[in-house]
Each structure stands twice: as C-alpha cells, then as structure tokens.
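Engineer: The residues making up each chain are set out below.
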Amino acid sequence: MAEKKKINYGHELTKGILKENPVLRLVLGTCPTLATSTSVVNGVGMGIAATIVLICSNVVISALRKVIPAKARIPAYIVVIASFVTMVQMLVKAFVPALDQSLGVFLPLIVVNCIILGRAEAFAGKNPVLASAVDGLGMGIGFTCALFCMGTVREILGAGTFLSGIDTMIGSFVDLKGFTGFDFTPFLEKIHLAPMTLFILPAGGFFVFGILMACVNRLASEKGLKKADQIGCEGCPHAAICNKHSEEEACAQ
Amino acid sequence: MKFYIALLIMGVLTSNFVLSKFLGICPFLGVSKKLNTAVGMSTAVIFVMLLATAATYPLNILLEKFDLEYLQTIVFILVIAALVQIVEIVMKKYIKPLYKALGIYLPLITTNCAVLGVVILNIDNITEYASYGFGFGHAMMNSFAAGAGFMLAMVIFAGVRSRLETADVPKFMQGLPITLVAASIVSLSFLGFAGLVEGLGLL
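Chains as they are written, first to last, in my numbering: chain A, 168 to 420; chain B, 206 to 408.
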C-alpha cells in the first residue's frame, strides 16, 4: 500500500450503498439475494450474517496480506472465509435457530458468496486493516440494503405482510411487546384481493431483481455513473482466472 | 429404482437447481450468451458435481465418526478446490481434447455455489430421505440430476437470450435487467412441472 494515497473512510463506507452496490451494480452474490429475499426478515438476516463474515475475513486477510504468497492467495482466502462462515453458522444455530431454518443451505454457502471473495481480492489484499474493515462494513450494508429492498417488495406483494416473523428472529433479545410484523391480508380480503404468491416464488425473485436493477441503472445514470454492465471484470473474483486463460467469453461479464 | 427416477425428475424439472433453488445463478447469467459456451460450462459442472460428491460423501462419514461435522464447510470447499486443481492438471497433461473443451470453465466452478450446494444438500438429504435409505448411489444420482437440470436451464436460456439480442428493449432495461426478467419467465414455465413426481407416484 502506497502511503501517499489517502483513504477516505466516509467514501469507503458509503460507496457500497449505491455507487458500487455489490448486488445491484457489481452483480455479485446473486444466488443468496434471490433465494433469501422472500421476506424482509430473512433477507436482512442473511445480509447481517454475510456482513459479519465480510468484515472479519477482510480484517484477517488484510492483516495477513504480506504473509500470504500471491500465487496461493485464493485458497488462503477461502480458508479464512470458510472459518468465519463456520463460526457464524454455529452462532446462528445457537442463538437464532429460526434463521438457520429459513436460510438452510445458503448459510454455509456464504463461503462461495462472490462478494466476500471479490472484496478480499479487490480490496483487503491490497489495503490496510482499518480501511478493509470499513470497506467490509460498507459493502455489507450495501448487500443488506439490496436484500431489504428486494424483501420488502416481494413480501408485501407476495405474502401481504411486512416484517413477518420478526419475533422469531430477535424476539429473544429485544422485547417486542407482542409485535409480530404487519399483516395486510385481512384488509386485502375486505377489498376482495389476495396476495400475488408469484412474487415469493422463484419467478418473482428474478422479476423483482431485474426491475430493481433497472431502477438502480436509472438512478445511477442520473448521477452520471457508469452502467452496471460497463463496470466489467474488476469486481469479479474470477477476473484473475479469466485473465490467466485470456478467454473473454469464460468471464462472467 | 423408483426413487432414482424421482431424484432425476426432481433435479431436472420440478426443483431445478438454477430456476427454483437459485444455485449457480452467476454462471447462468454470465455464460449463457452462446449455446456452445453454455454446453461447455454445464458439462464441466456435471463433471465436477459428480467428482465432488464422490469425494465428499465418504469424507462426511469420516467426519461423523470423529464428531467433526462442524468442519463440514471448510473441509468440503477445500476438497472441491483441490480436486478441481488436480483434475485440471491431469487433464492438461493427459487428456488434451477434454481440457480444451472444459479447461477454461474448471477453475471458475471451484467457487460456484451450485457445486458446494449439491454436496451439502446431499448430506442433508441423508436425514431428509432417510425412509428411502438415501445412500451413495442416490447422492451420485442427485448430483447428476442437479447438473443435468443446470444444463437444461442453460441451454434453454441461451436460446432465449439469442432472441433478446435483437429485441428493442427500453434503455434502462438493457443488458442484465431484461435478462433477469426473461429468466423469470423461463422459471415460471418450469412451475408447470410442480407435482409431477407425486403425480407419477414416484415418492
């Protein structure tokens, strides 16, 4: 890390929300985004779990960046990430079993979440510890925000509820005074409507994701940012492999 | 035998890995632009899935024996990564034509969630389908079905995308957004298979 280059912590923290949103702009971590955003509580739970892993792995990888040999860095990163995922998995199983139930296989699959390996490769492997921690937090917030937006749209349209199941997630830590989320279904029944189940099905996930990405494209173009597709390979953890084989078509972008 | 067919139908049609389990979306969106790359990628995925299952299923028994199940995630991802590397080296040296066809895709799928996903799901299935005696053969069948489902989705979607290329799409929907909406419609069509396994009396 060149000492001359100053790190703007505010920028590192906020860039993940819109400018470099990992899901909606860099198109990383699409699998958990689509799979866990059936409700707000699930999505945010996934977001927080991934954020914790992201911060911890960024800190450790950046602290070890001078020790890890460049050629063996990907396996080394994977070991670090997998260790933290295992820890988070055990914590979730012990304290929020309902979240473990609803996330299912996607909890261990945080290991292969492109966002985490991508940030290790693009940022933590080159920058000092504190900056990497802030970067991890910023990216995690961006991921959680995207999941919150997707979850809100899908839950309200698909199930007619909002924040449903919140009592099973944080009920044991915070006194919710009997609050179990909003339920709009009685109101919908009065006006002879039913929730559109399509939106919590996989097809609705793809649809909402596509529309949301179009909205973010619009927002970004108003702010004069590049279109998501033109960002290219820089955020992709496979970029190094792609370049090695110099096969453009094999690379995701 | 019935259960094997049930697993195949479930993996390919009713609970397709890509379109209803959301595993392996990155390659699904990234590599489905052309038919030949789609086929190459999915062949490599089937191959690695079978290989990974064959390696991790016995390993899991070992882990269970020593009460080390909590190490599952670390062990599996490392085994898959190492395996893919070894296969790549062996292929490059001895089976040149196969390497040329699949080689570039192999490192990309080391960190593909579909591969780790199928391996973990196979272990979960042991308890879920305990009444059917889910064993090694079933795990291999499940992996093959998952890979075949991935291939079907990729091939269908490559066709859809070639049509999208010439379509007149609103400015902000161009590129990935319209691709995702198209994926949504493909996924919707797969909903038509719901209940097929139960209907045929296979489960």
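Check the hints yourself; a few may be wrong.
[What the hints assert, rightly or not] DSS-like cross-link-like pairs, simulated, lysine-lysine; straight-line CA separation at most 25 Å: (1) B:Lys-239 to A:Lys-186; (2) A:Lys-182 to A:Lys-390; (3) A:Lys-186 to A:Lys-260; (4) B:Lys-376 to A:Lys-390; (5) B:Lys-298 to A:Lys-238; (6) B:Lys-301 to A:Lys-260; (7) B:Lys-376 to B:Lys-238; (8) B:Lys-376 to B:Lys-270; (9) B:Lys-305 to B:Lys-238; (10) A:Lys-238 to B:Lys-238; (11) B:Lys-239 to B:Lys-301; (12) A:Lys-293 to A:Lys-233; (13) A:Lys-344 to A:Lys-186; (14) B:Lys-305 to A:Lys-238; (15) A:Lys-293 to A:Lys-238; (16) B:Lys-207 to B:Lys-301; (17) A:Lys-260 to A:Lys-182.
[To be verified] Some chain B residues close to chain A (C-beta under 8 Å, calculated; not the full set): (18) Asn-265; (19) Val-284; (20) Leu-288; (21) Met-378; (22) Leu-381.
Honestly, the hints are just simulated from the structure, not real lab data.
No residue lacks a Cβ here, since even glycine has one placed at the ideal position from N, Cα and C.
Engineer: Next step is simple, just say for each hint if it's right about the structure.
Structural biologist: For each hint, the structure was consulted:
| no. | hint | verdict |
| --- | --- | --- |
| 1 | B:Lys-239 to A:Lys-186 | 30 Å, violated |
| 2 | A:Lys-182 to A:Lys-390 | 13 Å, holds |
| 3 | A:Lys-186 to A:Lys-260 | 34 Å, violated |
| 4 | B:Lys-376 to A:Lys-390 | 16 Å, holds |
| 5 | B:Lys-298 to A:Lys-238 | 21 Å, holds |
| 6 | B:Lys-301 to A:Lys-260 | 46 Å, violated |
| 7 | B:Lys-376 to B:Lys-238 | 20 Å, holds |
| 8 | B:Lys-376 to B:Lys-270 | 58 Å, violated |
| 9 | B:Lys-305 to B:Lys-238 | 19 Å, holds |
| 10 | A:Lys-238 to B:Lys-238 | 31 Å, violated |
| 11 | B:Lys-239 to B:Lys-301 | 23 Å, holds |
| 12 | A:Lys-293 to A:Lys-233 | 9 Å, holds |
| 13 | A:Lys-344 to A:Lys-186 | 38 Å, violated |
| 14 | B:Lys-305 to A:Lys-238 | 23 Å, holds |
| 15 | A:Lys-293 to A:Lys-238 | 15 Å, holds |
| 16 | B:Lys-207 to B:Lys-301 | 38 Å, violated |
| 17 | A:Lys-260 to A:Lys-182 | 32 Å, violated |
| 18 | Asn-265 | 13 Å, violated |
| 19 | Val-284 | 11 Å, violated |
| 20 | Leu-288 | 12 Å, violated |
| 21 | Met-378 | 5 Å, holds |
| 22 | Leu-381 | 6 Å, holds |
When held up to the earlier numbered hints, the structure conflicts with 1, 3, 6, 8, 10, 13, 16, 17, 18, 19 and 20 and fits the remainder.
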